[in-house]
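Chain order of the listed sequences is A and B.
Numbering-wise (our numbering), the first sequence opens with residue 1 and increments by one.
Numbering-wise (our numbering), the second sequence opens with residue 1 and increments by one.
Hints in this document: simulated from the structure, not taken from any laboratory.
Heads up, a few of these hints could be off.
Subject to a maximum C-alpha distance of 30 Å in a straight line, what follows is the list of computed DSSO-like cross-link-like pairs (lysine-lysine) [stated by the list, open to error]:
#1 A:Lys73 <-> B:Lys57
#2 B:Lys150 <-> A:Lys124
#3 A:Lys124 <-> B:Lys57
#4 B:Lys57 <-> B:Lys43
#5 B:Lys150 <-> A:Lys73
#6 B:Lys43 <-> A:Lys124
From chain A, some residues computed to sit far from chain B (all C-beta separations above 12 Å) [said to hold, decoys possible]:
#7 Asp80
#8 Ile83
#9 Gly88
#10 Val102
#11 Ile104
#12 Ala110
#13 Gly113
#14 Ile114
#15 Val118
#16 Lys124
#17 Ser127
#18 Phe129
#19 Val139
#20 Asp140
The structure presented is a predicted model; accordingly, all values stated were derived computationally and were not measured.
Just so it is clear, CB atoms sit at the ideal spot from N, CA and C, and this is done for glycine as well.
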Amino acid sequence: MLRKIKNFSNRFKNQKGFNLIELIVIIVVMGIVTVPLTQLITTNQKAVGDISLYIQGEFFTQSVMEEIIADYKSNARGYDWVINNWSGASRSHPDLSMNAQVNISQVVDADTGIHYAVVVVSVKPGSGFSRIELTSHLVDDE
Amino acid sequence: MMKNNKGYTIMELVVVMFALSCITATVAPFIRVNVDSYTQISKNKAILQGARIGFNKILNELRYLNDLNTMSSDHIRFDAYIDSTQYFNIHYRYGTDSEGNKGIGRAEGVVIAYEEDYDPLLVGIENFNITYWDVNGNAAGSISDVHRIKVYLVIQHEGTRLSLVGQVCVNAI
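Generate the whole structure from the sequences, applying the supplied hints.
And the structure:
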């Protein structure tokens, strides 16, 4: 038993510590590893900024669609007014540089013969984003 | 076994401490930046989530609007019917609480003062504006003319800025 312990302690006897060069190499390696990690955090921060733009774009898209539906339900306006005035129209966000584009296509249902409009409101929240699209079907009840 | 083991000299200890200090001083700013970023991201996420939920709540309750009682740019009071017999009298008001924080408060029923009766729904509000529109798309002159309500909200809080706009078509006034 005593011999075993002696052998174990001898194993460490002749080992040298790190010299300065080795330590510097370790520090440099640690630095190289740390830099990409920092960039990862920065990327996450940018992603949060992107989410906020996206949320603002979402509400803006809904807002424009709600305005179109309000005109559709208005006694003074209605289906035809929406088709004539909203097709190809655009609205600007009050604060941000984003625009809502409105596209309307009229469709006749082959089975029922009902006329309806497919309204698509789309907003591009910023560069690097795909467009947020909201679709609604308005039936021609006039 | 321990007999011949020497301890470290004071010089060796000083050198080790100095080396450790140098390493810590080099690494600390990186760690600090990461911790600060993480804290900021967490705060921003909470603000975004809170704003999204709060603004959706306002718009969703406005969709149940049946009787509009008060229309002003910073205060709206209305009855929201959940069925033909039950309704809530809901207030939303842009105001300042007793600590001087600007926010949007929500209350139900009879209310007297913002700081006493309103539950804070959203904080850090820079701008809040409600506009009322009639069937012709003009500014509504009276409660009976209101066909569409537009809510505009700007939140500036903890370095996060959000500009939200929402509209609700009101049919049952």
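**OP:** State the violated hints by number, sorted upward, taking the hints as numbered earlier in the document.
**Re:** none
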